[in-house]
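One line per chain: the protein sequences are Z and V, in this order. Residue numbering for the first sequence follows the working numbering, starting at 1177 and increasing by one per position. Residue numbering for the second sequence follows the working numbering, starting at 1177 and increasing by one per position.
Because the hints were derived from the structure by calculation, they are not lab data. For clarity, every value in this text was computed on a predicted model and none was experimentally measured. Every residue, glycine too, gets a C-beta built ideally from N, C-alpha and C. Please note that a few of the clues may not be correct.
Here are a few chain Z residues that face chain V, going by a calculated C-beta distance under 10 Å [what the hints assert, rightly or not]:
{"no.": "1", "residue": "Ser1201"}
{"no.": "2", "residue": "Ala1260"}
{"no.": "3", "residue": "Asn1490"}
{"no.": "4", "residue": "Leu1520"}
{"no.": "5", "residue": "Thr1523"}
{"no.": "6", "residue": "Met1540"}
{"no.": "7", "residue": "Lys1600"}
{"no.": "8", "residue": "Leu1605"}
{"no.": "9", "residue": "Ala1606"}
{"no.": "10", "residue": "Lys1625"}
{"no.": "11", "residue": "Pro1628"}
{"no.": "12", "residue": "Thr1631"}
{"no.": "13", "residue": "Gly1634"}
{"no.": "14", "residue": "Lys1686"}
{"no.": "15", "residue": "Val1694"}
Restricting the straight-line Cα-Cα distance to at most 27 Å, the calculated cross-link-like pairs of lysine-lysine (DSS-like) are [said to hold, decoys possible]:
{"no.": "16", "chain 1": "Z", "residue 1": "Lys1674", "chain 2": "V", "residue 2": "Lys1250"}
{"no.": "17", "chain 1": "Z", "residue 1": "Lys1462", "chain 2": "Z", "residue 2": "Lys1430"}
{"no.": "18", "chain 1": "V", "residue 1": "Lys1467", "chain 2": "Z", "residue 2": "Lys1578"}
{"no.": "19", "chain 1": "Z", "residue 1": "Lys1433", "chain 2": "Z", "residue 2": "Lys1419"}
{"no.": "20", "chain 1": "Z", "residue 1": "Lys1686", "chain 2": "V", "residue 2": "Lys1250"}
{"no.": "21", "chain 1": "Z", "residue 1": "Lys1205", "chain 2": "Z", "residue 2": "Lys1277"}
{"no.": "22", "chain 1": "V", "residue 1": "Lys1430", "chain 2": "V", "residue 2": "Lys1420"}
{"no.": "23", "chain 1": "Z", "residue 1": "Lys1600", "chain 2": "Z", "residue 2": "Lys1483"}
{"no.": "24", "chain 1": "Z", "residue 1": "Lys1649", "chain 2": "V", "residue 2": "Lys1625"}
{"no.": "25", "chain 1": "V", "residue 1": "Lys1467", "chain 2": "Z", "residue 2": "Lys1345"}
{"no.": "26", "chain 1": "V", "residue 1": "Lys1345", "chain 2": "Z", "residue 2": "Lys1353"}
{"no.": "27", "chain 1": "Z", "residue 1": "Lys1528", "chain 2": "Z", "residue 2": "Lys1270"}
{"no.": "28", "chain 1": "V", "residue 1": "Lys1649", "chain 2": "Z", "residue 2": "Lys1619"}
{"no.": "29", "chain 1": "V", "residue 1": "Lys1515", "chain 2": "Z", "residue 2": "Lys1483"}
{"no.": "30", "chain 1": "V", "residue 1": "Lys1649", "chain 2": "Z", "residue 2": "Lys1625"}
{"no.": "31", "chain 1": "Z", "residue 1": "Lys1653", "chain 2": "V", "residue 2": "Lys1625"}
{"no.": "32", "chain 1": "Z", "residue 1": "Lys1467", "chain 2": "V", "residue 2": "Lys1515"}
{"no.": "33", "chain 1": "V", "residue 1": "Lys1435", "chain 2": "Z", "residue 2": "Lys1555"}
{"no.": "34", "chain 1": "Z", "residue 1": "Lys1625", "chain 2": "V", "residue 2": "Lys1653"}
{"no.": "35", "chain 1": "Z", "residue 1": "Lys1430", "chain 2": "Z", "residue 2": "Lys1250"}
{"no.": "36", "chain 1": "V", "residue 1": "Lys1277", "chain 2": "V", "residue 2": "Lys1567"}
There are 2 protein chains.
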Amino acid sequence: MILDCGITFPQEDMPGVDIVIPDMSYLIKNKHKIRGIVITHGHEDHIGAVGYLLKEVNVPVYGAKLALGLLESKLNEMGLLSIAKLNVVDSNSKVSIGCFKAEFIPVNHSIPDTYAVVLTTPVGIILHTADFKIDFNPVNERVADLNRFSEVGNRNVLLMLADSTNATKEGHSMSEKAVGESLDNLIGRSSSRIIIASFASNINRIQQVLNLAEKYRKKVCIFGYSMRNNIKKSIELGYIKVKKGILIEEFEIKNYKSKDLLLIVTGSQGETNSALSKIAFKRHQKISIDKNDLVIRSASVIPGNEKFLYRVINELFRRGANVIYQSLSDVHASGHAYKQELRLLITLVRPKYYMPVHGEFMHMESNAMIAMDMGINEKNIFLLENGDVMKVSSSKITVDEKITVGASFIDGSGVGDLGDDVLKERMILAQDGILNISAVIDKTTRYLKAEPIITAKGFMYEKESDDLMRMIKIMLKEDFDKYQKSTLHISDLHNIIKKRLRSYLYQETKRNPVVLPVIIEV
Amino acid sequence: MILDCGITFPQEDMPGVDIVIPDMSYLIKNKHKIRGIVITHGHEDHIGAVGYLLKEVNVPVYGAKLALGLLESKLNEMGLLSIAKLNVVDSNSKVSIGCFKAEFIPVNHSIPDTYAVVLTTPVGIILHTADFKIDFNPVNERVADLNRFSEVGNRNVLLMLADSTNATKEGHSMSEKAVGESLDNLIGRSSSRIIIASFASNINRIQQVLNLAEKYRKKVCIFGYSMRNNIKKSIELGYIKVKKGILIEEFEIKNYKSKDLLLIVTGSQGETNSALSKIAFKRHQKISIDKNDLVIRSASVIPGNEKFLYRVINELFRRGANVIYQSLSDVHASGHAYKQELRLLITLVRPKYYMPVHGEFMHMESNAMIAMDMGINEKNIFLLENGDVMKVSSSKITVDEKITVGASFIDGSGVGDLGDDVLKERMILAQDGILNISAVIDKTTRYLKAEPIITAKGFMYEKESDDLMRMIKIMLKEDFDKYQKSTLHISDLHNIIKKRLRSYLYQETKRNPVVLPVIIEV
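Same shape as in the complex, but just chain Z (with noise of 0.2 Å):
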C-alpha cells in the first residue's frame, strides 16, 4: 500500500526544473505487490505525483471526498481520469487493502477533510498520523476525533507515525477562529479596498474571508488560476458555502465602490506569476495597487520564499498600501501540530514503537525527544532517511536495507525525466557561460580550411573580450598547426583545445566556462 504521492517543487540547484517527482523506479518494479494507494488529504505534496504513478501501477486510490475532487482535476488534464479508480472514504469507512484493513480518523489540518490512517495489519495496528494539528475551535469542521485515536489507543497500537513539522515549537498551534477573529478587526475596519492572499488550498480560510465579506457587506473577485479552481471546486463539493451576489466577476468591479471590494488572490510566497506578484509589479492587465489599498498576507513563508515575498511586500508599500503580513499581526495559523498536540496523541495512542516523519531531520530529532520524554524508549523510536526499509514484525522493528530513492525532475512539457548531469550542465553553463569553438579541417591535407569561428554565451565580457580574443586565436592556431604536422586524431585535437583553453581562461578570468570544440572534416 502507497501512503500519499506528492511533489516537490525545485531547489536553487535544478534550474529549469519545474516539478520535482519521486523516483518510481522501485514501486514499478515491485508493482504486482502494490494493492492501492491512501490519500491522507488533498495537498500538492500528498497528491501531486499519484498520475504519474498510476500511468505505470494504476492501482485503486482511496480518499477523502475533497481530496479526491482536487486530485480529479489533475488526472483530468493528464489524460488519466478515465483509468483511475478512486474510491472516496470517509471517517466510517473500513477498506480492505491486500492484507491490510484501514480505517480514517477527522484530524484538523489546513486544508478540510484530512485524515489520520489506521491500518490493522496480520502483524499489529499501525497509525499515521497525516498532516495534522488540533485545532479546538475549528471553522467549519469537526475538532479532530480525539475519541477515536483513544478508541484505537485500546486496541494496541504497535506503531505510531507522526507529522513532525512543528515538533521544535513550545506549546499549542493557534486556531483558525482566532485568525478569523485577527482579520475580522482588519476588515471591519477598514475603510479600503482590501486584497487578501492566502494558499489556495486553505480552503476554511477563504469560507472565514467569504463569511465576513457578507458581515461587511463586500463583493469578492477571486484572482489566480488555482484559486479560482479550488473555490470552484470546493463550492461544487459543498465545501465551501457562499451566498448568491457575494463573488463578483472581473468585468463588474467597475460597478462598485473600492471600499465595497476585497480581492482574493493567489501569490503569499510571493510567486513570480502570482496574481498578488502581477498586481504589485504593475504586470496585472486588470488590476493595479491605488494608495490606502489594504492587502493581508494570511499565510506561511515557505523557507526558500522570504526573498521572493520580501520583493513583493516592498514593492506594494512603495505604492502605498498598507500591508499586514504574519510577522506583524496573528493573520494566520499553522496546520501542523506543536509540542503539546503531539504529546496529547502520545497519551491517547500510546504506541509501542514511533517513528517521527513529515519534516526535516532537525524537526523529526525533536519530534523523536518529545516521544522519549513522554517514555517511549528510545530503541522504540525510529529515525528513517528515505529510503530506509523498516521491517515490522509483532515482536521487533528491524531497518537494516536499504533501497534507491530519488527525485525525478519534470520540465517543460514534461517529455523526459531530466538526469543528473543535465542538470549538472546547465550548472556550470550558468556560472561560467560556455565558449564555442568551430573549425572545418581538410581531411587529405590535415590544414585548416577558414580561420575558426569563436562563439561565447555567458563568459566574456567587453572590457577583457579583445585581449582574450587574441590570445586565444594564437592559441588555437598553435594547435592546429601541432595537428597537421603529426599523426594526432582528431579527437586528440579536440583534447588538446579543451585543456589548454581551460586552463589559460581559469588563469586569467577565474572562470571555467564550457569549452565546446565542434571540428568538421571536409
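Assemble chain V onto chain Z, guided by the hints.
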C-alpha cells in the same frame, strides 16, 4: 563626503557572480567634488567596496581603529594599502571634510567600535545613527553615548537618518550580556566537545566565548579563514583579550580530551565552503562530527540563506550532534535597534526632518511610522530610493532629481564588471541549455560540404534525443537546400535556422534553449 562604501552578496538571478558593489560611475564623474569617506563600522556591507572606490577616487578615509584595521587587510590584498590615506577617529575627534565638520558618537552594534556620525554643515546639523542598538548591558564596551545624543539634540538637528533593520519589532533588542548568560548555561553544563559558529565580525560574542572557555578550562581552536583573520586582527588591536594557553593550533587538538575542546568556526549562514559546512558534510580535513558534539549556532539567519543553513543543521543532527540554534534558545542578539530604541533616540535628538535608512522598504516604512507617532510631521519624513537626490537647505528639503545608480557585478578574478547581458545569457543557459549547430558551406557552389554537427549542452535527455535529432537533421537539410537554391545571405540562413529550430523545439519540449548556428564558408 561618502558615508560607508560596502558590498552585497549576489541573488539567485546573478549566477556566477561573487560579489556586488555599487555602480561608481556617478562618483567617478564627480570626483573633483569628493573630499573624504567616513566609515561607521567594519562590516562588509560598509567597508567592502572602499578599495574599488579608492582605485578611482583616492580621498582620505576616516573611521575608528577596528574598522580601519579590517579595511587595511582588504586594501593590502588589493595592493592599495600604500596609496590609501587612512585616518583613525574616536569619540573625541572633530574632523573637517570639505565644508563639513564630523564628530562621532559611540553606539552599540554587532561589531565593536561603531559610531554614529554628526555632520555640521553650512545649512545645519545632520545626524546619521549608523547601524546601531542601545545595549544597557554591553560586553567589553560602553553603553551607546546617550548623553552625547542629548547634547547634539540641544544644538537643533536639522535631519536625522536612522537604521530601520528592526523597525518592525516591538520592544527593546536583547542585550549581548543575556546571550553570554545563555552560552554560559550551555557551555557550563556540557561534557562534550563544543563547536560554536558565529559571524567572524562579532568580536564581542567571540570575546564572551573565550571568557567562558577560560572559566570552564577549555582549549579553543579557530577554524575558517575570516574567523582566524578577524580574531588575529582583533587581538593585535586590543579588541579581544585572551589569556596565554587558551588558544591552540590544529595540530595540538589530539593532545586534549573531547570535553576539554571548544572550536570556534565560520559557517553560521550554512555557506558551502565554511568550516561548519565542511565539518558537517565530512569534507573537512581535520575535524568531523562525533556523536554527542554540542554545536551552538550563535547568529541570526540572513533572509535567503535559510535553506542552506537548514541543510547543515539537519546533517549535524543526522551525525548525532546536539545542535542549539536560535529558534531553540537565546544564543544570539541582534545588532539593530528595535522600536523602543528608535523612540528613545528620536526623543533625545528631536530632529526637524527624518529619513529612515538601512533596511528593506517595509522596514523603512515601519521606521517612518514610528517617527510620525513621535510627533514628526509626515511631510518632514523622507522615504527615498537608491539614486534619489535629496537637496537640504536650512529651511526645506527637496527630492526632485534622480541619478543613475545600480550594481556592478564582480566575479572570478574581477577582471571586468559583468554586464546585465552576460547575466541574462547565463540565466537562459541555466534554464534550458544550448544547442550548437556547426556546418561548412562551399563558397562558390553554396552546397553543404559535410553533415552538420549538432551538440546539446544542458538541454536534451536521452529518452527524447533520438526523435528530436532526427527531426532537427531533416529541418536543417531543408534550410540548407533552400539556401543553396536561393540568393540568400549567410546571415539569413542563420536566422532561418534559429527561428525554425526554436519554434520546433519549444513546441516539442516546451523549452527554449539558446540555438547557436555556426556556419563556416570555405
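Hints versus structure:
1. Restraint check, Ser1201/Z versus chain V: the minimum CB separation of about 14 Å is more than 10 Å; hint violated.
2. Because the smallest distance between the Cβ of Ala1260/Z and any Cβ of chain V comes to about 24 Å, over 10 Å, the interface hint for this residue is violated.
3. Evaluation of the Asn1490/Z hint against chain V yields a held restraint, the C-beta minimum of about 4 Å falling below 10 Å.
4. A cut of 10 Å between beta carbons decides the hint on Leu1520/Z: the least distance to chain V is about 22 Å, and the hint is violated.
5. Interface restraint check: Thr1523/Z against chain V, minimum CB-CB distance 24 Å, threshold 10 Å, status violated.
6. The closest approach between the C-beta of Met1540/Z and any C-beta of chain V is roughly 8 Å, which is under the 10 Å cut-off, so the hint is satisfied.
7. Against a cut-off of 10 Å between C-beta atoms, the interface hint on Lys1600/Z holds, since the closest Cβ of chain V lies about 8 Å away.
8. Look at Leu1605/Z: its Cβ gets to within about 4 Å of chain V, closer than 10 Å, so that hint holds up.
9. The interface hint given for Ala1606/Z holds, since its Cβ lies 3 Å from the closest Cβ of chain V, which is under the 10 Å cut-off.
10. Below 10 Å, beta-carbon pairs count as interface contacts, and Lys1625/Z has one with chain V at about 4 Å; its hint therefore holds.
11. Hint status for Pro1628/Z relative to chain V: holds, with the closest Cβ pair at about 8 Å, below 10 Å.
12. At a threshold of 10 Å, the smallest CB-CB gap from Thr1631/Z to chain V is about 6 Å, leaving the interface hint in force.
13. Using the Cβ-Cβ criterion of 10 Å, the hint placing Gly1634/Z at the interface with chain V is satisfied: the shortest such distance is roughly 4 Å.
14. Annotation: Lys1686/Z was flagged as interfacial toward chain V, and the flag holds, the nearest CB pair being 3 Å apart, inside 10 Å.
15. Look at Val1694/Z: its Cβ gets to within about 4 Å of chain V, closer than 10 Å, so that hint holds up.
16. The straight-line distance between the Cα atoms of Lys1674/Z and Lys1250/V is roughly 35 Å, outside the 27 Å bound, and the hint therefore fails.
17. Between Lys1462/Z and Lys1430/Z, the direct Cα distance comes to roughly 10 Å. Compliance with the 27 Å bound is thereby established for this hinted pair.
18. At roughly 22 Å between alpha-carbon atoms, Lys1467/V and Lys1578/Z fall within 27 Å of each other, so this suggested pair holds.
19. Between Lys1433/Z and Lys1419/Z, the direct Cα distance comes to roughly 20 Å. Compliance with the 27 Å bound is thereby established for this hinted pair.
20. As the CA atoms of Lys1686/Z and Lys1250/V are separated by approximately 19 Å, the hinted pair is consistent with the 27 Å bound.
21. Between the alpha carbons of Lys1205/Z and Lys1277/Z the distance comes to roughly 24 Å, so the proposed pair stays at or under 27 Å and holds.
22. The suggested pairing of Lys1430/V with Lys1420/V holds, with an alpha-carbon distance near 19 Å, which does not exceed 27 Å.
23. Proposed proximity of Lys1600/Z and Lys1483/Z is supported: the alpha carbons are some 25 Å apart, at most 27 Å.
24. Annotation: proposed proximity of Lys1649/Z to Lys1625/V holds, straight-line Cα distance about 24 Å (limit 27 Å).
25. This hinted pair checks out: Lys1467/V and Lys1345/Z have alpha carbons roughly 24 Å apart, not beyond 27 Å.
26. Our distance criterion of 27 Å between C-alpha atoms is met by Lys1345/V and Lys1353/Z, whose separation comes to about 25 Å.
27. Restraint check: the Cα-Cα separation between Lys1528/Z and Lys1270/Z comes to about 23 Å, which is no more than 27 Å; the hinted pair holds.
28. The suggested pairing of Lys1649/V with Lys1619/Z holds, with an alpha-carbon distance near 23 Å, which does not exceed 27 Å.
29. With a C-alpha separation of about 23 Å, the suggested pairing of Lys1515/V with Lys1483/Z holds against the 27 Å cut-off.
30. Restraint check for Lys1649/V and Lys1625/Z: the C-alpha separation of about 24 Å stays at or below 27 Å, so the hint holds.
31. Pair hint Lys1653/Z plus Lys1625/V holds up; C-alpha atoms about 22 Å apart against a cutoff of 27 Å.
32. Our distance criterion of 27 Å between C-alpha atoms is met by Lys1467/Z and Lys1515/V, whose separation comes to about 25 Å.
33. Distance restraint check for Lys1435/V and Lys1555/Z: the Cα-Cα separation of roughly 26 Å lies within the 27 Å cut-off, and the hinted pair is therefore satisfied.
34. Simply put, Lys1625/Z and Lys1653/V have alpha-carbon atoms about 22 Å apart, close enough for the 27 Å limit, and the pair holds.
35. Of the supplied pair hints, the one linking Lys1430/Z and Lys1250/Z is violated, its CA atoms being roughly 34 Å apart against a limit of 27 Å.
36. For the hint pairing Lys1277/V with Lys1567/V, the CA-to-CA distance comes to about 18 Å; that is within 27 Å, so the pair holds.
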